[in-house]
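S.K.: Note that the protein sequences, when read in sequence, are chains A and B.
Once you know that position 50 of the first sequence is 36 in the working numbering, the rest is easy, because the numbers rise by one and skip nothing.
So the working numbering is basically just the index in the second sequence, starting at one, shifted up by 58.
Take these hints with a grain of salt, some might be off.
Heads up, simulated SDA-like pairs for lysine to any residue below, C-alpha to C-alpha not over 25 Å straight-line [said to hold, decoys possible]:
#: 1; chain 1: B; residue 1: LYS130; chain 2: A; residue 2: VAL108
#: 2; chain 1: B; residue 1: LYS227; chain 2: A; residue 2: LYS141
#: 3; chain 1: B; residue 1: LYS217; chain 2: A; residue 2: GLU47
#: 4; chain 1: B; residue 1: LYS280; chain 2: B; residue 2: ASN291
#: 5; chain 1: B; residue 1: LYS207; chain 2: B; residue 2: ASP117
#: 6; chain 1: A; residue 1: LYS106; chain 2: A; residue 2: ASP83
Calculated from the structure, these hints are not laboratory results.
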Amino acid sequence: MLDKTGIAQRIAKEVKDGYYVNLGIGIPTLVANYVRNDIEVEFQSENGVLGMGPFPFEGEEDADVINAGKQTITTLPGASFFDSALSFSMIRGQHVDLTILGAMEVAENGDIANWKIPGKMVKGMGGAMDLVASAENIIVAMMHTNREGESKLLKRCSLPLTGVGCVKKIVTNLAVVEVTPNGFKLLERAPGVSVEEIQKATEGTLIVEGDIPEMEL
Amino acid sequence: MINKKVDNIQEALEGVTDNMTFLVGGFGLSGIPENAIAELVNLDVKGLTCISNNAGVDDFGLGLLLQKRQIKKMISSYVGENEEFERQMLSGELEVELIPQGTLAERCRAAQAGIPAFYTPAGYGTEVAEGKESREFNGKMYILEQAFKADFAFVKAWKGDEAGNLIFKGTARNFNPVMCGAAKITVAEVEELVPLGALDPNQIHIPGIFVQRILQGERYEKRIEQRTVRQRN
Chain A
-13 MLDKTGIAQR
-3 IAKEVKDGYY
7 VNLGIGIPTL
17 VANYVRNDIE
27 VEFQSENGVL
37 GMGPFPFEGE
47 EDADVINAGK
57 QTITTLPGAS
67 FFDSALSFSM
77 IRGQHVDLTI
87 LGAMEVAENG
97 DIANWKIPGK
107 MVKGMGGAMD
117 LVASAENIIV
127 AMMHTNREGE
137 SKLLKRCSLP
147 LTGVGCVKKI
157 VTNLAVVEVT
167 PNGFKLLERA
177 PGVSVEEIQK
187 ATEGTLIVEG
197 DIPEMEL
Chain B
59 MINKKVDNIQ
69 EALEGVTDNM
79 TFLVGGFGLS
89 GIPENAIAEL
99 VNLDVKGLTC
109 ISNNAGVDDF
119 GLGLLLQKRQ
129 IKKMISSYVG
139 ENEEFERQML
149 SGELEVELIP
159 QGTLAERCRA
169 AQAGIPAFYT
179 PAGYGTEVAE
189 GKESREFNGK
199 MYILEQAFKA
209 DFAFVKAWKG
219 DEAGNLIFKG
229 TARNFNPVMC
239 GAAKITVAEV
249 EELVPLGALD
259 PNQIHIPGIF
269 VQRILQGERY
279 EKRIEQRTVR
289 QRN
């Protein structure tokens, strides 16, 4: 079974040379730490920066240079700043190659819910609805089950949706799963996790074809 | 040169009354019009509708107006950082409309550009689309969103001149440029009001035509919301 770092490490392998990538808050943010350093990748943050670098050294923080999580950041050579409309032109215009974000629920038809739990404090969707409605390539990073042990890979989402039919791939602590027209297709198992365990933790239709390889990190 | 300079924040906010709708620049606490917000607190205008990506924190940004219950309605994309906001929202004192961040930006840009409405894929199939017209283009579904209508836009820039030309800095740019000219009156406050001719016309982000009043901001706290650093070595 993977921890959050492991999930980020596995997703990092999906990041290819020449990609512009938008990382959501939480596990997705960790992905930047594990991208191979022999490829060229630029990270976009929807508040208006392309070419994000690591966090600043203490004493070098700048209130005018933050990411979408409101954290202080730095920029790399070749970076640019832009306004919010242009930022979402990059996103809706499909100029960003890969979007990695977290989710509360994903359905076997690719629906995603990650912004609202009715009856609880609602913080808002931020840029998530624009991102999932537009990106061709969306990977969800999440735990396979919630805190109550219930599956987050469902036949249908029970929570209010963020987007419909948009998720392509899911990387969890247990598995790598592809969303297909027929349901969740199991691609890889996390180290030490059996197909049966994945099956048990998946409420939606899980398609298992042949031997399922263990992930390489 | 058409002079947009005003000498003080009182003059900058002349005409502000109860029940108005404001566009307020900034993302989190970055690039917020600190001086305009402080003066709105002073003026004690009530029943306001504020369109801004976030709602500040308890003791800064738009949180200052929330504390005094001056805001009737917030239109934002993300409001998670504010306990007083949460209390007022859950008790029903504050009306809240949550909309996708890109839609918020584009509804400003549409107002600025004289475009009454536009189609966007964001929110299709979700509760954001409820009551809105939807339409298919090239096999994909979109919803119709309308330009904002606002009385004032309060924005903050890094540098500006008396002609109202503006240059922004870093990610403090965010919603500020798209809010310029998206309301009846745009009030820009700047960290440095420089002499006419000191800004290179090639480097202007927002031409003065979109700005009605420009003001040298008195002071900027520029608070950092999430101070995140790495260790040396």
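S.K.: Tell me if the straight-line CA distance from B/LYS130 to A/VAL108 falls inside 25 Å.
M.R.: holds (18 Å)
S.K.: Between B/LYS217 and A/GLU47, does the CA-CA distance stay at or below 25 Å?
M.R.: holds (21 Å)
S.K.: Given the hint that B/LYS207 pairs with B/ASP117, test it: the Cα-Cα distance must not exceed 25 Å.
M.R.: Answer violated: B/LYS207 to B/ASP117 is near 28 Å, above 25 Å.
S.K.: Between A/LYS106 and A/ASP83, does the CA-CA distance stay at or below 25 Å?
M.R.: violated (34 Å)
S.K.: Does B/ASN291 lie within 25 Å of B/LYS280 when you go C-alpha to C-alpha?
M.R.: violated (28 Å)
S.K.: Are the Cα atoms of B/LYS227 and A/LYS141 separated by 25 Å or less?
M.R.: With a Cα-Cα distance of about 46 Å, the restraint between B/LYS227 and A/LYS141 is violated, given a limit of 25 Å.
Hints 2, 4, 5 and 6 from the earlier list are contradicted by this structure; the remaining hints agree with it.
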